[in-house]
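Asks: Protein chains in written order, with this note's numbering: chain A, -2 to 112; chain B, 7 to 120.
If you're looking for bench data, these hints aren't it; they were derived computationally from the structure.
Only a predicted model underlies this, so the values are computations on that prediction, with no experimental measurement involved.
Check each hint, because a few of them may be wrong.
If you anchor each label on the Cβ, the simulated ranges turn out as follows [said to hold, decoys possible]:
{"hint": "1", "chain 1": "B", "residue 1": "Ser36", "chain 2": "A", "residue 2": "Gly13", "range": "43 to 49 Å"}
{"hint": "2", "chain 1": "A", "residue 1": "Thr2", "chain 2": "B", "residue 2": "Asp14", "range": "29 to 35 Å"}
{"hint": "3", "chain 1": "A", "residue 1": "Val79", "chain 2": "B", "residue 2": "Lys75", "range": "20 to 26 Å"}
{"hint": "4", "chain 1": "A", "residue 1": "Gly0", "chain 2": "B", "residue 2": "Thr61", "range": "28 to 34 Å"}
{"hint": "5", "chain 1": "B", "residue 1": "Val19", "chain 2": "A", "residue 2": "Asp59", "range": "36 to 42 Å"}
{"hint": "6", "chain 1": "B", "residue 1": "Glu70", "chain 2": "A", "residue 2": "Val79", "range": "28 to 34 Å"}
In silico DSSO-like pairs for lysine-lysine, Cα to Cα no more than 27 Å straight-line [claimed, not checked]:
{"hint": "7", "chain 1": "B", "residue 1": "Lys107", "chain 2": "B", "residue 2": "Lys55"}
{"hint": "8", "chain 1": "A", "residue 1": "Lys54", "chain 2": "B", "residue 2": "Lys55"}
{"hint": "9", "chain 1": "A", "residue 1": "Lys54", "chain 2": "B", "residue 2": "Lys84"}
{"hint": "10", "chain 1": "B", "residue 1": "Lys55", "chain 2": "B", "residue 2": "Lys84"}
{"hint": "11", "chain 1": "B", "residue 1": "Lys107", "chain 2": "B", "residue 2": "Lys75"}
{"hint": "12", "chain 1": "B", "residue 1": "Lys75", "chain 2": "B", "residue 2": "Lys55"}
Covered stretches of chain B (chain A as the covering partner; in silico rule of three or more C-beta atoms under 8 Å from a C-beta of chain A) [stated by the list, open to error]:
{"hint": "13", "region": "77 to 91"}
{"hint": "14", "region": "108 to 115"}
Ideal Cβ positions, reconstructed from N, Cα and C, are used throughout, including at glycine.
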Amino acid sequence: TAGITQAPTSQILAAGRSMTLRCTQDMRHNAMYWYRQDLGLGLRLIHYSNTAGTTGKGEVPDGYSVSRANTDDFPLTLASAVPSQTSVYFCASSAYGGAGGNEQFFGPGTRLTVL
Amino acid sequence: AQSVTQLDSQVPVFEEAPVELRCNYSSSVSVYLFWYVQYPNQGLQLLLKYLSGSTLVESINGFEAEFNKSQTSFHLRKPSVHISDTAEYFCAVTTYSSASKIIFGSGTRLSIRP
């Protein structure tokens, strides 16, 4: 079972350009999440979706947008990248949102460098 | 709102020595607590979790953590570490009504010396 796949694995992006990070899960999980991981800051939630068709803002949503057209896919878009968005981005999913004990499953990450 | 503090950013230990990674949380309501592990160049994996019941929880690879409500702690311990335990460990907290906003600590990097 693939679990969660993310693409690309890494990317170097010029400031001001747009980019979409892709995330697909095959576990039929209802909830999906996007985090960024920065040294010394741990993981910070960018956006989440409790079910297909709904999305919500996390701790650091500015400069990012998401959509959830179906259960499996949860793309993250940077409309106009800035250097402060240089980070490692992780997609995650859980069976349900809104019920605290659910384990989150993580993808392998996308390393993004904005120059 | 809840928060998590991991007191040590790095913990170096010798192989076969015991280790404790510290985690403290704050919350005004009941919490669920997690430890996740991140091996080099990988995503996070759940190591163990406390939801309710016994305050001592164990993982399949010898780690254990004890929920201490009075001290608001959830420290992770292993009596004898192996080189393969080299990784970054994240403590995380959430509550029943805010699972979509699980809060992660800043991580503790465990390095094992032979």
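Asks: Please go over all the hints and tell whether each is borne out by the structure.
Replies: Going through the hints against the structure:
Taken as a hint, the range 43 to 49 Å holds for the pair Ser36(B) and Gly13(A), whose Cβ atoms sit roughly 46 Å apart. Between Thr2(A) and Asp14(B) the beta carbon distance is about 33 Å. The supplied range of 29 to 35 Å therefore holds. Checked against the hint of 20 to 26 Å, the C-beta distance between Val79(A) and Lys75(B) comes to roughly 42 Å, which is inconsistent with it. A hinted range of 28 to 34 Å holds for the C-beta pair Gly0(A) and Thr61(B), which are about 31 Å apart.
Restraint check, Val19(B) to Asp59(A): a C-beta distance of roughly 39 Å satisfies the suggested window 36 to 42 Å. For Glu70(B) paired with Val79(A), a C-beta distance near 43 Å fails the hint of 28 to 34 Å. Restraint check: the Cα-Cα separation between Lys107(B) and Lys55(B) comes to about 16 Å, which is no more than 27 Å; the hinted pair holds. With a C-alpha separation of about 25 Å, the suggested pair Lys54(A) and Lys55(B) falls inside the 27 Å cut-off, and the hint holds.
A distance of roughly 37 Å separates the Cα atoms of Lys54(A) and Lys84(B); the hinted pair therefore is violated under the 27 Å criterion. For the hint pairing Lys55(B) with Lys84(B), the CA-to-CA distance comes to about 15 Å; that is within 27 Å, so the pair holds. With a C-alpha separation of about 21 Å, the suggested pairing of Lys107(B) with Lys75(B) holds against the 27 Å cut-off. Straight-line distance between C-alpha atoms of Lys75(B) and Lys55(B) comes to about 15 Å, which keeps the hinted pair within the 27 Å bound.
With 0 residues bearing a CB less than 8 Å from a CB of chain A, the region 77 to 91 of chain B misses the requirement of three and the coverage assertion fails. Using a Cβ-Cβ cut-off of 8 Å, 5 residues of the region 108 to 115 of chain B lie near chain A, which meets the minimum of three, so the contact claim holds.
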